[in-house]
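Sequences listed follow chains A and B, in order. 1 is the number of the first residue of the first sequence in this note's numbering; add one for each residue after it. 1 is the number of the first residue of the second sequence in this note's numbering; add one for each residue after it.
Do not take every clue at face value.
Stated by the list, open to error - In silico EDC-like links for lysine to aspartate or glutamate, alpha-carbon gap of 20 Å or less:
#: 1; chain 1: A; residue 1: Lys213; chain 2: A; residue 2: Glu296
#: 2; chain 1: B; residue 1: Lys57; chain 2: B; residue 2: Asp29
#: 3; chain 1: A; residue 1: Lys393; chain 2: A; residue 2: Glu323
#: 4; chain 1: A; residue 1: Lys336; chain 2: B; residue 2: Asp104
#: 5; chain 1: A; residue 1: Lys127; chain 2: B; residue 2: Asp104
#: 6; chain 1: A; residue 1: Lys189; chain 2: A; residue 2: Asp178
Claimed, not checked - Derived CB-CB ranges, DEER-like:
#: 7; chain 1: A; residue 1: His63; chain 2: B; residue 2: Arg85; range: 35 to 43 Å
#: 8; chain 1: A; residue 1: Leu103; chain 2: B; residue 2: Gly69; range: 36 to 44 Å
#: 9; chain 1: B; residue 1: Pro97; chain 2: A; residue 2: Arg106; range: 22 to 30 Å
#: 10; chain 1: A; residue 1: Lys263; chain 2: B; residue 2: Ala68; range: 52 to 60 Å
#: 11; chain 1: A; residue 1: Lys371; chain 2: B; residue 2: Ile34; range: 50 to 58 Å
#: 12; chain 1: B; residue 1: Ile72; chain 2: A; residue 2: Gly344; range: 45 to 53 Å
#: 13; chain 1: B; residue 1: Ile34; chain 2: A; residue 2: Asp245; range: 15 to 23 Å
#: 14; chain 1: A; residue 1: Gly299; chain 2: B; residue 2: Pro97; range: 39 to 47 Å
#: 15; chain 1: A; residue 1: Lys263; chain 2: B; residue 2: Ala37; range: 48 to 56 Å
#: 16; chain 1: A; residue 1: Ser134; chain 2: B; residue 2: Ala68; range: 53 to 61 Å
#: 17; chain 1: A; residue 1: Lys179; chain 2: B; residue 2: Ala37; range: 23 to 31 Å
#: 18; chain 1: A; residue 1: Cys36; chain 2: B; residue 2: Thr107; range: 22 to 30 Å
Claimed, not checked - Among chain B residues calculated to face chain A with C-beta under 8 Å, some are:
#: 19; residue: Thr87
#: 20; residue: Arg108
#: 21; residue: Asn111
Hints in this document: simulated from the structure, not taken from any laboratory. Note that CB positions come from ideal geometry on N, CA and C, so glycine has one too.
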Amino acid sequence: MAKTIEEINEKIKQGKAVIATAEEIISIAKEKGSSCAAREVDVVTTGTFGPMCSSGAYFNLGHTKPRIKLGSGKVTLNDVPAYTGYAAADILIGANALPDDDLRNRVHPGEFNYGGGHVIEELVAGKDIHLIASAYGTDCYPRKSLDTLINIKDLNEAVLFNPRNAYQNYNVAVNASDKTIYTYMGILKPRLTNANYCSAGQLSPLLNDPYFKTIGIGTRIFLGGGVGYVAWNGTQHNPSVPRSDNGIPKRSGGTLAVIGDLKQMNNRWLRGISMLGYGATLAVGVGVPIPILDEEILGYTLASDADILAPVIDYSSTFPQREADVLAEVSYAELKSGNFKLNGKNVATASLSSYSRAVEIATTLKEWLQKGKFLLTQPVVPLPGVDAGIVSKVLNERS
Amino acid sequence: MKISHKLVLHFPPRIVEQPVINNLIRNYDLSFNILKASIIPNQEGYVVLELSGEQDKYDAGIQYITSAGVKIESLSRSVLRNSERCTHCGACVSVCPSRAFSIDTPTRLVNFDDTCCVACGLCIKACPPRAMEFHF
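Work out the full structure: start from the sequences and follow the hints.
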């Protein structure tokens, strides 16, 4: 018997909805059978907490007296440059932005101790941020410079808007070369000594709804410790990747663009991080509720780490050269065991995504739903699916 | 009873040029393994070492270097995890050569066993949220 989102919301309001995390639902369905579990459980909650480079925030600062046109001027926040291509008092900062005087990789591997992600974390934490700006001055915006502290509570709007978060699945990075490499997937020791992965596996939002049957534009989610929304499909969203028999993508697959009011978020779930030799970025917490409308939708949430495969990619050659070779496919159960066999060699694994934090997000979302604090939404438009015929494009240079 | 501890010895500038460790080893019959050191003439220096021997000789040796002006700290109080910054991702686990980090099952929280730590410092820069700190 199918349920509707309205019916589930009614139960949430009455405090009667049955909620399970994507980890708990696996054993519930094993015990009760999936048709019984599909009838009894109303929502499955998911979560992921890891580095998500395509993240950023925009702000409206309010107007100074006399006015200054920051648009097309220069603005730094704690020395990190912000984007000023919008109107007079609107600026945007990206998670990967670095101070102009950061050494970057001039002494390799660079440390990247502070960047846009750290500015967002400190702003969310309520710390004052040092803004320095210069502008060219106009008749209506005469002022040419500004040096002040700003605080999130004094901004008109502070909005987290991440063009690509919550990758459905992700590469497992290894290094087949003879020297250590420093990548966005962490430090990779030579000759396939270690492998780094970055997914919450069985708890990850889009792995629990592999065909986007319930998640779409407008879906209300947990974002950065507060409430956010799916704004669009994320950039590089690619539903056309190879899938296992259970329908789960074996490559990175779908992505989400997400948005939410930064003022109600929390720096536990937005954490500035530094990848040695690569750059600064932001770890973001995202959790998506999946309404269990029928047994088919429940079925997708039952995939466990052993059922989800990720591609092993050599980040010393294949990845930088944009070649397609996948060395092997490995399950998240193997990755979480601490090592797996590759070319007869034992490779030690480590994660860049925090599974314990993913559990905490799914559990928090569960509590919000149980307390009636959070209601489900009907997507306005579904995300592009397999039938959208999306082909991932590459940039071919031309003159 | 034989004991062994990992220590951080801080040498003030005035004794950096004295053979303190040499005296410690010869006069108190202790064995040592230097894990890390920074000694520069006329500046403060430090040595991270593992010191082992019989309990009574160890205690006497510690008394000697303390009276010589060396400040002693346990290594476990010198390499610290900032629990507020740690997100328990696990990136440190395969970087650490002495297996001081491990993942607990089933919570998947990262354990830091400072008794395994050799103060190499690899985790400091490998930790994405910069949660590992040296306090030398």
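Here's how the hints hold up against the structure:
Restraint check: the Cα-Cα separation between A:Lys213 and A:Glu296 comes to about 10 Å, which is no more than 20 Å; the hinted pair holds. At most 20 Å may separate the alpha-carbon atoms for a hinted pair to count; B:Lys57 and B:Asp29 meet this at roughly 7 Å. With a C-alpha separation of about 14 Å, the suggested pair A:Lys393 and A:Glu323 falls inside the 20 Å cut-off, and the hint holds. Of the supplied pair hints, the one linking A:Lys336 and B:Asp104 holds, its CA atoms being roughly 11 Å apart against a limit of 20 Å.
As the CA atoms of A:Lys127 and B:Asp104 are separated by approximately 34 Å, the hinted pair breaks the 20 Å bound. For the proposed pair A:Lys189 and A:Asp178, the alpha carbon gap of about 8 Å is at most 20 Å, so the pair holds. As the Cβ distance of A:His63 to B:Arg85 is approximately 36 Å, the hint placing it in 35 to 43 Å holds. Hint check: A:Leu103 to B:Gly69, Cβ distance near 38 Å, so the stated range 36 to 44 Å holds.
For B:Pro97 paired with A:Arg106, a C-beta distance near 27 Å keeps the hint of 22 to 30 Å intact. For A:Lys263 and B:Ala68, the hinted distance range of 52 to 60 Å is satisfied, since their beta carbons lie about 57 Å from each other. At about 57 Å, the beta-carbon gap between A:Lys371 and B:Ile34 stays in the expected band of 50 to 58 Å. Distance hint check for B:Ile72 and A:Gly344: the Cβ-Cβ separation is about 48 Å, which falls inside the suggested range of 45 to 53 Å.
For the pair B:Ile34 and A:Asp245, the supplied restraint of 15 to 23 Å is violated, since their beta-carbon distance comes to about 57 Å. Separated by about 44 Å at the C-beta atoms, A:Gly299 and B:Pro97 satisfy the suggested range of 39 to 47 Å. For A:Lys263 paired with B:Ala37, a C-beta distance near 49 Å keeps the hint of 48 to 56 Å intact. Distance hint check for A:Ser134 and B:Ala68: the Cβ-Cβ separation is about 57 Å, which falls inside the suggested range of 53 to 61 Å.
Checked against the hint of 23 to 31 Å, the C-beta distance between A:Lys179 and B:Ala37 comes to roughly 27 Å, which is consistent with it. Remark: the range hint 22 to 30 Å for A:Cys36 to B:Thr107 is upheld by a beta-carbon distance near 29 Å. At about 5 Å, the closest approach between the beta carbon of B:Thr87 and any beta carbon in chain A falls short of 8 Å, and the interface hint on this residue holds. The interface hint given for B:Arg108 is met, as the beta carbon of that residue sits about 4 Å from the closest beta carbon of chain A, less than 8 Å.
The beta carbon of B:Asn111 is not positioned within 8 Å of any beta carbon in chain A (closest approach about 12 Å), and the interface hint is therefore violated.
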